[in-house]
Amino acid sequence: GAVVSQHPSWVICKSGTSVKIECRSLDFQATTMFWYRQFPKQSLMLMATSNEGSKATYEQGVEKDKFLINHASLTLSTLTVTSAHPEDSSFYICSARAGTNGMNTEAFFGQGTRLTVV
Amino acid sequence: AQSVSQHNHHVILSEAASLELGCNYSYGGTVNLFWYVQYPGQHLQLLLKYFSGDPLVKGIKGFEAEFIKSKFSFNLRKPSVQWSDTAEYFCAVNPGGYNKLIFGAGTRLAVHP
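Taken in sequence, the protein lines are chains A and U.
Position 46 of the first sequence, counted from 1, bears residue number 46 in my numbering, the numbering being contiguous throughout.
Position 76 of the second sequence, counted from 1, bears residue number 76 in my numbering, the numbering being contiguous throughout.
Hints were generated in silico from the structure; no laboratory data involved.
Yeah, the Cβ is synthetic: ideal placement off N, Cα and C, and Gly gets one too.
Treat each hint with caution, since some may be false.
[Stated by the list, open to error] For each label pair, taking beta carbons as the anchor points, the in silico distance ranges come out as:
1. K71(U) x L68(A): 33 to 43 angstroms
2. G28(U) x Q42(A): 34 to 44 angstroms
3. N70(A) x S80(U): 45 to 55 angstroms
4. S80(U) x C13(A): 40 to 50 angstroms
5. I68(U) x C13(A): 39 to 49 angstroms
6. G28(U) x C13(A): 34 to 44 angstroms
7. E15(U) x S18(A): 43 to 53 angstroms
[As the list claims (entries may be wrong)] In silico PhoX-like pairs for lysine-lysine, Cα to Cα no more than 20 angstroms straight-line:
8. K61(U) x K49(U)
9. K55(A) x K100(U)
10. K100(U) x K64(A)
11. K49(U) x K100(U)
Bound conformation, chain U alone:
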């Protein structure tokens, strides 16, 4: 079955620290990949997405993610986090042109000033 794994359920960082959140998926075919963020009390919002082309994707708010096909991974990174990045982050995969998203369990990030 198709699945998405996010390795870290909770991450705590100090401001200015670097961030990397892991995401792996199990699907052998073509995929579209997404990272969503949910700030406290708000809707899920799209951070970035990968469909094709350059595997290093830049998103909003200084986030980027790298698609490594051989590792079935799409890790999210940010060089220097801010307190305002405190949120829950979800990796999602759209397998092979199907009209649906499969989500990971989410990673709750807390950034301390």
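Next comes chain A alone, as it looks inside the complex:
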């Protein structure tokens, strides 16, 4: 299957700083990228969906000014957690697929980023 690479795998940052997480599709053009957040023993919660060159669509309850998503190219999307606080500590996972309608093409997942805010 196609490869989605997420970087970094883990990061520790101080409260109040910003952290950027990168998601790259290595061997296909990802017209759509998804960002998820996963709490321990809970499901993946969709935070936002971004189509290349467009503004991201955020799910209800997700602060778009806090979780900045950029999808400037067909192979790269970034999630920036701004002014991070301990409650932002979580596991963040990106997913990428070719296509923008429905889910008729497979979505591939990155390995996730463990963010710890101290």
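Dock chain U against chain A, hints included.
Below, chain U alone, put in the same frame as chain A:
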């Protein structure tokens, strides 16, 4: 609100035992259905998917799932598990052509030799 329920959070089996993991969803319209697996330290990988046609879907590694529309269910099965099936399994639903997946909480499967 759309949701996906996985009934078992933890399952422990011996090798060669049969497996069935439950998945129910709440959405009245057309859905596409998926099972993903996450082996320790690895990415989520697609096991199988259902879009239309035969409601009994066969996936990789001997897994299959059956879509029962009347029960809003998409249970995952494997007749004989192996130690290497130890992983976390996620059911996911794509409602009505929307460009997103809704995941269940996952089931952690441990298979003992």
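Outcome of the hint check:
1. K71(U) x L68(A): 33 to 43 angstroms: holds, 41 angstroms
2. G28(U) x Q42(A): 34 to 44 angstroms: violated, 25 angstroms
3. N70(A) x S80(U): 45 to 55 angstroms: holds, 47 angstroms
4. S80(U) x C13(A): 40 to 50 angstroms: About 46 angstroms separates the Cβ atoms of S80(U) and C13(A), which means 40 to 50 angstroms holds.
5. I68(U) x C13(A): 39 to 49 angstroms: This hint holds: roughly 46 angstroms between Cβ atoms.
6. G28(U) x C13(A): 34 to 44 angstroms: holds, 43 angstroms
7. E15(U) x S18(A): 43 to 53 angstroms: At roughly 48 angstroms between Cβ atoms, S18(A) and E15(U) fall inside 43 to 53 angstroms, so the hint holds.
8. K61(U) x K49(U): holds, 14 angstroms
9. K55(A) x K100(U): OK: K55(A) and K100(U) at ~16 angstroms, within 20 angstroms.
10. K100(U) x K64(A): holds, 18 angstroms
11. K49(U) x K100(U): holds, 14 angstroms
Checked against the numbered hints above, the structure breaks only hint 2 and satisfies the rest.
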